[in-house]
Amino acid sequence: QKEVEQNSGPLSVPEGAIASLNCTYSDRGSQSFFWYRQYSGKSPELIMSIYSNGDKEDGRFTAQLNKASQYVSLLIRDSQPSDSATYLCAVYYGNNRLAFGKGNQVVVIP
Amino acid sequence: DVKVTQSSRYLVKRTGEKVFLECVQDMDHENMFWYRQDPGLGLRLIYFSYDVKMKEKGDIPEGYSVSREKKERFSLILESASTNQTSMYLCASSYGTANEKLFFGSGTQLSVL
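Line by line, the protein sequences give chains A and B. FYI, our numbering numbers position 95 of the first sequence as 95, with every residue one higher than the one before it. Throughout, our numbering is defined as the position within the second sequence, counted from one, plus 1000.
Chain A extracted, bound-state conformation (with noise of 0.2 Å):
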């Protein structure tokens, strides 16, 4: 089973900061990669997802990547409270197969 760490505790950030969040994976072969964001009780949606090695933003948003290294960060500029809430990283290893991390807790303060 392909494994994808997320290893970090909840996180605290103050509104306006930015929120860093990692992610490594054990199969050098993947290609495409996800951030999902879970608010608490609801349901995964899709924030961003990345492909190539380097950086790509989305508005307040930027994955970047780092195939080499076999990591996936999500950077969330200037905070705000909408931002609390888990985010998943999801790696594709093919076969119509997406393993997900167990996620991070964002939680803003105002």
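In short, the hints are calculated from the structure, not lab data. This structure is a prediction, so every number in the text was calculated from the model and none was measured. Don't take every hint at face value.
Said to hold, decoys possible - Capping the alpha-carbon separation at 27 Å, the derived lysine-lysine pairs in DSSO-like fashion look like this:
{"#": "1", "chain 1": "B", "residue 1": "1070", "chain 2": "A", "residue 2": "2"}
{"#": "2", "chain 1": "A", "residue 1": "67", "chain 2": "B", "residue 2": "1101"}
{"#": "3", "chain 1": "B", "residue 1": "1101", "chain 2": "A", "residue 2": "56"}
To be verified - If you want the ones that stay clear, here's a sample from chain A, every Cβ over 10 Å from chain B, calculated:
{"#": "4", "residue": "17"}
{"#": "5", "residue": "28"}
{"#": "6", "residue": "29"}
{"#": "7", "residue": "40"}
{"#": "8", "residue": "46"}
{"#": "9", "residue": "50"}
{"#": "10", "residue": "58"}
{"#": "11", "residue": "60"}
{"#": "12", "residue": "66"}
{"#": "13", "residue": "73"}
{"#": "14", "residue": "82"}
{"#": "15", "residue": "83"}
{"#": "16", "residue": "101"}
{"#": "17", "residue": "108"}
{"#": "18", "residue": "110"}
Cβ coordinates follow ideal geometry from the N, Cα and C atoms, glycine included.
Dock chain B against chain A, hints included.
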């Protein structure tokens, strides 16, 4: 908007019962998936289907089966429910493979007593 509907939000069953979880999507998606989500374990793939009557085991298929008789409907079956199957079950669909955006239903919290 894509809608993925799961028939029950909460379900309580007894050990040994046969349990059906239903999922319907309204966007003509080819692929449908069943995941379970447990605290500390994250989302794990149980089964998926890439076409009507076609199914494939995911990472944790033991104790489960699935049925896809129509394109829009994907059912998860617990043949004989056990307490370790108490979990949040999430159905998802995508037009292409899981390499594309997954649309999730609102989930079914199943408790097996």
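Taking the hints in turn, this is what the structure says about them:
1. B/1070 - A/2: violated, 31 Å
2. A/67 - B/1101: OK: residue 67 of chain A and residue 1101 of chain B at ~21 Å, within 27 Å.
3. B/1101 - A/56: It holds: about 17 Å lies between the C-alpha atoms, which stays within 27 Å.
4. 17: Holds, because the least Cβ-Cβ distance between residue 17 of chain A and chain B comes to about 26 Å, which exceeds 10 Å.
5. 28: About 17 Å separates residue 28 of chain A from the closest Cβ of chain B, which puts it past 10 Å; holds.
6. 29: Holds, because the least Cβ-Cβ distance between residue 29 of chain A and chain B comes to about 13 Å, which exceeds 10 Å.
7. 40: holds, 12 Å
8. 46: Given that some Cβ of chain B is not farther than 10 Å from that of residue 46 of chain A, nearest at about 5 Å, it is violated.
9. 50: holds, 12 Å
10. 58: holds, 13 Å
11. 60: Non-interface label stands for residue 60 of chain A: nearest chain B Cβ at 20 Å, farther than 10 Å.
12. 66: It holds; residue 66 of chain A is separated from chain B by about 20 Å at its closest Cβ, greater than 10 Å.
13. 73: holds, 18 Å
14. 82: At roughly 19 Å from the nearest Cβ of chain B, residue 82 of chain A sits farther out than 10 Å, so the non-interface label holds.
15. 83: holds, 19 Å
16. 101: violated, 6 Å
17. 108: holds, 22 Å
18. 110: holds, 27 Å
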